[in-house]
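Listed in order, the protein sequences are those of chains V and Z. Per the numbering used here: the first sequence = residues 10 to 414. Per the numbering used here: the second sequence = residues 10 to 414.
Don't read these hints as lab results, they were simulated from the structure. The reader is advised that the hints may include incorrect statements.
If several chains are the same, the list does not tell them apart, and a pair holds so long as it fits within one copy or across any two.
When the alpha-carbon atoms are kept at most 27 Å apart in a straight line, the in silico DSSO-like pairs for lysine-lysine are as follows [stated by the list, open to error]: (1) K376 with K305; (2) K395 with K25; (3) K159 with K16; (4) K305 with K211; (5) K228 with K190; (6) K153 with K211.
Just so you know, these numbers come straight off a predicted model, no measurement behind them.
Number of protein chains: 2
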Amino acid sequence: MGTQFLKIIDSEEVRKVMNGIKIRKEIEEVPLEIAHRRILTEDIYTAIDLPPFNRALMDGYAVRSEDTFGASEDNPVILRLIEKIKAGESASKKVEKGTCIEINTGAPMPEEANSVVMVEFTDNKDGNVHIYKSAAHNQNIASKGSDISKGSLLLKSGTLLTHDKIGVLGATGFNNIKVFKKPKIAVISTGEELVKPGEKLKYGKIYDINSLTILNAVKTCGCTPIYSGIAKDNYNDLKNKLEEHLDADVIITSGSTSAGTGDVLKDVLNDMGEVLVHGIAVKPGKPTIIGSINNKPVFGLPGNPAAALMIFHIFVSPFLRKMASMPDDKKSESFKFKIARRFHSAIGRHQYVFVKIENNVAHPILKDSGAITAVAEADGYFEVPKNVEIVEEGSEIEVIPLEIY
Amino acid sequence: MGTQFLKIIDSEEVRKVMNGIKIRKEIEEVPLEIAHRRILTEDIYTAIDLPPFNRALMDGYAVRSEDTFGASEDNPVILRLIEKIKAGESASKKVEKGTCIEINTGAPMPEEANSVVMVEFTDNKDGNVHIYKSAAHNQNIASKGSDISKGSLLLKSGTLLTHDKIGVLGATGFNNIKVFKKPKIAVISTGEELVKPGEKLKYGKIYDINSLTILNAVKTCGCTPIYSGIAKDNYNDLKNKLEEHLDADVIITSGSTSAGTGDVLKDVLNDMGEVLVHGIAVKPGKPTIIGSINNKPVFGLPGNPAAALMIFHIFVSPFLRKMASMPDDKKSESFKFKIARRFHSAIGRHQYVFVKIENNVAHPILKDSGAITAVAEADGYFEVPKNVEIVEEGSEIEVIPLEIY
Numbered sequence: 010m011g012t013q014f015l016k017i018i019d020s021e022e023v024r025k026v027m028n029g030i031k032i033r034k035e036i037e038e039v040p041l042e043i044a045h046r047r048i049l050t051e052d053i054y055t056a057i058d059l060p061p062f063n064r065a066l067m068d069g070y071a072v073r074s075e076d077t078f079g080a081s082e083d084n085p086v087i088l089r090l091i092e093k094i095k096a097g098e099s100a101s102k103k104v105e106k107g108t109c110i111e112i113n114t115g116a117p118m119p120e121e122a123n124s125v126v127m128v129e130f131t132d133n134k135d136g137n138v139h140i141y142k143s144a145a146h147n148q149n150i151a152s153k154g155s156d157i158s159k160g161s162l163l164l165k166s167g168t169l170l171t172h173d174k175i176g177v178l179g180a181t182g183f184n185n186i187k188v189f190k191k192p193k194i195a196v197i198s199t200g201e202e203l204v205k206p207g208e209k210l211k212y213g214k215i216y217d218i219n220s221l222t223i224l225n226a227v228k229t230c231g232c233t234p235i236y237s238g239i240a241k242d243n244y245n246d247l248k249n250k251l252e253e254h255l256d257a258d259v260i261i262t263s264g265s266t267s268a269g270t271g272d273v274l275k276d277v278l279n280d281m282g283e284v285l286v287h288g289i290a291v292k293p294g295k296p297t298i299i300g301s302i303n304n305k306p307v308f309g310l311p312g313n314p315a316a317a318l319m320i321f322h323i324f325v326s327p328f329l330r331k332m333a334s335m336p337d338d339k340k341s342e343s344f345k346f347k348i349a350r351r352f353h354s355a356i357g358r359h360q361y362v363f364v365k366i367e368n369n370v371a372h373p374i375l376k377d378s379g380a381i382t383a384v385a386e387a388d389g390y391f392e393v394p395k396n397v398e399i400v401e402e403g404s405e406i407e408v409i410p411l412e413i414y
Numbered sequence: 010m011g012t013q014f015l016k017i018i019d020s021e022e023v024r025k026v027m028n029g030i031k032i033r034k035e036i037e038e039v040p041l042e043i044a045h046r047r048i049l050t051e052d053i054y055t056a057i058d059l060p061p062f063n064r065a066l067m068d069g070y071a072v073r074s075e076d077t078f079g080a081s082e083d084n085p086v087i088l089r090l091i092e093k094i095k096a097g098e099s100a101s102k103k104v105e106k107g108t109c110i111e112i113n114t115g116a117p118m119p120e121e122a123n124s125v126v127m128v129e130f131t132d133n134k135d136g137n138v139h140i141y142k143s144a145a146h147n148q149n150i151a152s153k154g155s156d157i158s159k160g161s162l163l164l165k166s167g168t169l170l171t172h173d174k175i176g177v178l179g180a181t182g183f184n185n186i187k188v189f190k191k192p193k194i195a196v197i198s199t200g201e202e203l204v205k206p207g208e209k210l211k212y213g214k215i216y217d218i219n220s221l222t223i224l225n226a227v228k229t230c231g232c233t234p235i236y237s238g239i240a241k242d243n244y245n246d247l248k249n250k251l252e253e254h255l256d257a258d259v260i261i262t263s264g265s266t267s268a269g270t271g272d273v274l275k276d277v278l279n280d281m282g283e284v285l286v287h288g289i290a291v292k293p294g295k296p297t298i299i300g301s302i303n304n305k306p307v308f309g310l311p312g313n314p315a316a317a318l319m320i321f322h323i324f325v326s327p328f329l330r331k332m333a334s335m336p337d338d339k340k341s342e343s344f345k346f347k348i349a350r351r352f353h354s355a356i357g358r359h360q361y362v363f364v365k366i367e368n369n370v371a372h373p374i375l376k377d378s379g380a381i382t383a384v385a386e387a388d389g390y391f392e393v394p395k396n397v398e399i400v401e402e403g404s405e406i407e408v409i410p411l412e413i414y
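Isolated chain V, as found in the complex (with noise of 0.2 Å):
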């Protein structure tokens, strides 16, 4: 009778050895109009006071506070017009006593002046400025860091440079930035039987789906693929394979992982390395092996695509996350839906269905996991506990959506 299965683990254990597995962080340098989406590796300290000088808020006249007191509609303030800056130039002059500068938001404060008098309530008459309404002190001033002074915390080392940040690091000068290196991650497929797309399909032969899939994915936990082909269904092909991408962070197989003739992954891993898992308690994914090299991970997926995607989905992605520093998961947020049919689920395994949802309800996808037409109607997924045997019709359900965008 066949070879069977080492030992078939809980999703738990799996986790548990996961979180075993050692992860080597690395830093690099980049400018910061290549950081988008990058991971800050220290705190950032800001080297400028913002605004970096007294800075007006308004388009108006800066003047002396206490040269307006009493100025009102019916009897105003007359100030000297001497000089007039926009946003960016500086005032060559002082706002002395019976003075005043005509200022445009965003430009820095004349010496001397305290506050800005709005537009609105002024009039410009032949260079005497009617000040209608008396200017508090400070009024309509940014004062020099104000928003943030110099040498203190802006962002913290662990932070997304989402777009916003990004913008928050070049408005107080940065120009590179330290990040982490993004993990590189080796896909490989294995099968006598695959061809890559686009190229003739023999008879005999099928289309590669997971490198691609495989490859896009691994864009998406934050990490560099690198596509390494097909390797043939044998020991020395799949070992030369592996051992040209010992430089990747962590190695992606997908077949060449069940128990019978030609599925070589585990016997490879054993020479060259272990093998943590060979089997787990899921449904679809049950032939997946976890195993290590030189204590780089190698991820053996099954080679059928709608069980490669899934173990990719459960195990695979959140651990390249944590390896390329994301934080928390926003993909793992789910989203409630009615489910369109009662379900029956595999006992003793936890199970994982692929889910299309139309007109707001979850239609479970009951195709095998070879089927890539399970794939292509896909939208998400969820999950059965292992104690669950049945989701009654009409239920709500947790979906996991495959792809956030």
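Model the placement of chain Z on the given structure of chain V, informed by the hints.
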């Protein structure tokens, strides 16, 4: 007294104006390798059957099911092994009465065979295979075209090519694929006081934050940003910059929108095209301008970073996503949090408030819209409708994240 806004209008009216803007969509063909997150422009029908041949689903023996009738543990049927085939190979012989062919998962069924007996229910004794269980017709076989038959609809026009859908296209042999061209969005900052991040900051100048913020935000909407640099805040400079970028699909500026001296976007738009909106009843972002030049939309965001970012999210981002044919905005999925303190809103204006999430509670960020630190701290924002004055402490609010990852 200073110039006033032409006409402040409500958000709903702004959306109506924007819905009236004509969107032109262009198509291009790209290799599948770079098609991730692009949008299909046509229904995709398969050019091949899947599987492309009758395919073994298990490792075992290809047999004629009628040969195995009556087989049991105690009384096995014995078949002569005439060939062995792996996945990717095809048999040279037919399975004639009394014979069998060893077959691997994924290999094409040999002629005349109509069933696969799993290796677990057999024993190979020197070329005589003992079969311990009778095999049903078509057992452990995926028939040609059973997953999807040639000419069937695989993916619909408008599908976003997430990693899984890319795989599906590969599996059916596609190499190049027609997708919508990414709209090109020119991003211009205006202001005499602005300096490019990383350059030396002279007195009176500040770093440009909006270019970096908006450029990266544009990417998250499925569009290609074009960095256009900083325009001076005067009529000719801004006009020249706009003319330079009339080949873009949309132009986004920031700054130069207020009614004060030196704020010139309105005048330039009036001469080059038209102003559709000048002033929106929202806080922050009241002085927003929307215009068009030769039917090309121009969004004039306020110069203040927090206001520019907010207006981008509320009005520009949905427009760009629509233009890029991105499907329903998952980013608009909101997360519910309790608010940490009582919040007083501006009456008569929709208000949008940045929040920081700490310990699962939303803290409104109460800073003016020029504050960089407001943007540095923000995790998302919430909306206060026009007619709501007070949001009580502890009440539940819907927080929209700034960027999903």
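Exercise. Compare the structure with the hints numbered earlier in the document and write down the numbers of the violated ones, lowest to highest.
Key: 1, 3, 4
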